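Residues per chain are reported as follows:
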Amino acid sequence: MTTFEVFLKKDGRDEFRHVGALEAANDELALVSARECYVRRAEGDLLWVVRRDNILHPDRDFTAPNATKPHRHHSGEAVAARRKALRESTQTNG
Amino acid sequence: MKAPKPMADLSPAARDIILAFADDEHLMGQQHTEWIGVAPFLEEDLAFASIGQDELGHAALLLEAIVGSEDADIDALAFYREPSDWRSCALTEVNLPEWSDTLVRHWLYDAAEELRWQLFAGSSVQHLADISVRAASEERFHRRHGDALLDVLLTVDDARDRLIASLHKLLPVALTLFDGPPTEADAIAEGVISGSLDGLRAPWQQRVDSRFEPVDWAAVAAPAPNQRTQRHGDFAPLLARMLEVLDLDRSVTW
Numbered sequence: 001m002t003t004f005e006v007f008l009k010k011d012g013r014d015e016f017r018h019v020g021a022l023e024a025a026n027d028e029l030a031l032v033s034a035r036e037c038y039v040r041r042a043e044g045d046l047l048w049v050v051r052r053d054n055i056l057h058p059d060r061d062f063t064a065p066n067a068t069k070p071h072r073h074h075s076g077e078a079v080a081a082r083r084k085a086l087r088e089s090t091q092t093n094g
Numbered sequence: 095m096k097a098p099k100p101m102a103d104l105s106p107a108a109r110d111i112i113l114a115f116a117d118d119e120h121l122m123g124q125q126h127t128e129w130i131g132v133a134p135f136l137e138e139d140l141a142f143a144s145i146g147q148d149e150l151g152h153a154a155l156l157l158e159a160i161v162g163s164e165d166a167d168i169d170a171l172a173f174y175r176e177p178s179d180w181r182s183c184a185l186t187e188v189n190l191p192e193w194s195d196t197l198v199r200h201w202l203y204d205a206a207e208e209l210r211w212q213l214f215a216g217s218s219v220q221h222l223a224d225i226s227v228r229a230a231s232e233e234r235f236h237r238r239h240g241d242a243l244l245d246v247l248l249t250v251d252d253a254r255d256r257l258i259a260s261l262h263k264l265l266p267v268a269l270t271l272f273d274g275p276p277t278e279a280d281a282i283a284e285g286v287i288s289g290s291l292d293g294l295r296a297p298w299q300q301r302v303d304s305r306f307e308p309v310d311w312a313a314v315a316a317p318a319p320n321q322r323t324q325r326h327g328d329f330a331p332l333l334a335r336m337l338e339v340l341d342l343d344r345s346v347t348w
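As they're listed, the protein sequences go chains P and H. If you count the first sequence from 1, position 20 lands on 20 in my numbering, and the numbers rise without skipping. Each number in my numbering comes from the position in the second sequence (counting from 1) with 94 added on.
No lab work stands behind these hints, which were simulated from the structure alone. Here the structure is a predicted model, which means the values were calculated and not measured. Check before you lean on any hint, since a few could be wrong.
As the list claims (entries may be wrong) - Computed spacing ranges between beta-carbons, pair by pair:
{"#": "1", "chain 1": "H", "residue 1": "PRO134", "chain 2": "P", "residue 2": "PRO70", "range": "34 to 40 Å"}
{"#": "2", "chain 1": "H", "residue 1": "SER178", "chain 2": "P", "residue 2": "TRP48", "range": "18 to 24 Å"}
{"#": "3", "chain 1": "P", "residue 1": "ASN54", "chain 2": "H", "residue 2": "ALA315", "range": "47 to 53 Å"}
{"#": "4", "chain 1": "H", "residue 1": "LEU247", "chain 2": "P", "residue 2": "ARG17", "range": "30 to 36 Å"}
{"#": "5", "chain 1": "P", "residue 1": "GLU28", "chain 2": "H", "residue 2": "ASP167", "range": "55 to 61 Å"}
{"#": "6", "chain 1": "P", "residue 1": "VAL50", "chain 2": "H", "residue 2": "SER231", "range": "53 to 59 Å"}
{"#": "7", "chain 1": "H", "residue 1": "ASP179", "chain 2": "P", "residue 2": "ASN54", "range": "54 to 60 Å"}
{"#": "8", "chain 1": "P", "residue 1": "PHE16", "chain 2": "H", "residue 2": "PRO297", "range": "38 to 44 Å"}
{"#": "9", "chain 1": "P", "residue 1": "PHE16", "chain 2": "H", "residue 2": "ALA230", "range": "26 to 32 Å"}
Said to hold, decoys possible - Some chain H residues close to chain P (C-beta under 10 Å, calculated; not the full set):
{"#": "10", "residue": "GLY131"}
{"#": "11", "residue": "VAL132"}
{"#": "12", "residue": "GLU137"}
{"#": "13", "residue": "PHE235"}
{"#": "14", "residue": "ARG238"}
{"#": "15", "residue": "LEU243"}
{"#": "16", "residue": "ASP328"}
{"#": "17", "residue": "PHE329"}
{"#": "18", "residue": "LEU333"}
In this text, a Cβ means the ideal position worked out from N, Cα and C, and glycines have one as well.
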């Protein structure tokens, strides 16, 4: 049996979302099973069934270093704080 | 699905031929759903139950066509009839505890069901023609499911041996599918269906031959035709299981 990952999309809105996995003996059975297991209440209009083996998955070290780079977050808070400080110092000096 | 039109003007022959299909669909759906939780693997458990639910849906549509509206007491017709008033065939009544038998029955029944809906496609009863369009679109996927499993299993020696044994065990009782109800000729004359159930036998046999292996049909001893007026020995316990919950309190609205 091969493990497949199942994705669904509502036509016209949303992106494809992962909804679960299944095991099947081949691609055709994977499609048939996905239809009956995940779309039987019309949960999506479009279906992707992907062999898990075909998903590229580097280990955690590949992404870990980026966990300590707050300057890459664009929440705007840091920039807003600097602008506020600059504005206040300008008013004081003027 | 829009509410069916009142069917008070249905002839007895029309009623009987619809009932024969409805009862087969009802029992087939029930038999499939009895595999919930015990099918060979989870994905198949869900798929098979889903297919059974579709068959129950077809039965409900056909029964509604007879009683005339969704508000009428459809349960009285669906569940509370004398066994001799049922019009199911023995293939849908027989108890099959082995998965290989059940899978083969699923395929044999659905192969015939496709041909059977085609008999209703041009029905003089417009509502039946409408139902057949919807059912045919669902049945495509039932057959695809059965074929996908058989495509794999028939290439594995052990599985193939078991499936072929199941096939030959079931072929005689499967031929009861093509036994028409007593008034079938009238239903054809009235245009309710476009041909007899027996007329579906040859195209169905060709499908069986090409799916499994060429069958010596002359050697397949079908039970004596009874025009669907007699029940298989497994019918009574099956109906008892179907009524187990309903009989607790018939007044409850589900």
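If you take the shortest Cβ to Cβ gap from PHE329 of chain H to chain P, is it below 10 Å?
28 Å, violated
For SER178 of chain H and TRP48 of chain P, compare the CB-CB distance with the range 18 to 24 Å and indicate the outcome.
52 Å, violated
Between VAL50 of chain P and SER231 of chain H, does the beta-carbon spacing fit 53 to 59 Å?
27 Å, violated
Between PRO134 of chain H and PRO70 of chain P, is the Cβ distance one that fits in 34 to 40 Å?
52 Å, violated
Could you see if the CB distance from PHE16 of chain P to ALA230 of chain H stays within 26 to 32 Å?
30 Å, holds
Is the hint on PHE235 of chain H kept, meaning its closest Cβ partner in chain P is under 10 Å away?
PHE235 of chain H check passes; min Cβ-Cβ to chain P is 7 Å, inside 10 Å.
Satisfaction of the ARG238 of chain H interface hint, Cβ to chain P closer than 10 Å
6 Å, holds
Would you settle whether the hint for VAL132 of chain H is holds or violated, based on the nearest Cβ-Cβ distance to chain P being less than 10 Å?
17 Å, violated
How does the Cβ-Cβ distance of LEU247 of chain H and ARG17 of chain P compare with 30 to 36 Å: does it lie in that range?
33 Å, holds
C-beta pair ASN54 of chain P, ALA315 of chain H: status relative to the range 47 to 53 Å that was hinted
Holds - the Cβ-Cβ distance for ASN54 of chain P and ALA315 of chain H, about 51 Å, lies within 47 to 53 Å.
Whether the CB-CB distance between ASP179 of chain H and ASN54 of chain P falls inside 54 to 60 Å:
Hint holds: Cβ distance 56 Å, inside 54 to 60 Å.
Given LEU243 of chain H as an interface hint, is its Cβ closer than 10 Å to any Cβ of chain P?
7 Å, holds
Of the numbered hints given earlier, the model fails hints 1, 2, 5, 6, 10, 11, 16, 17 and 18; all others are met.
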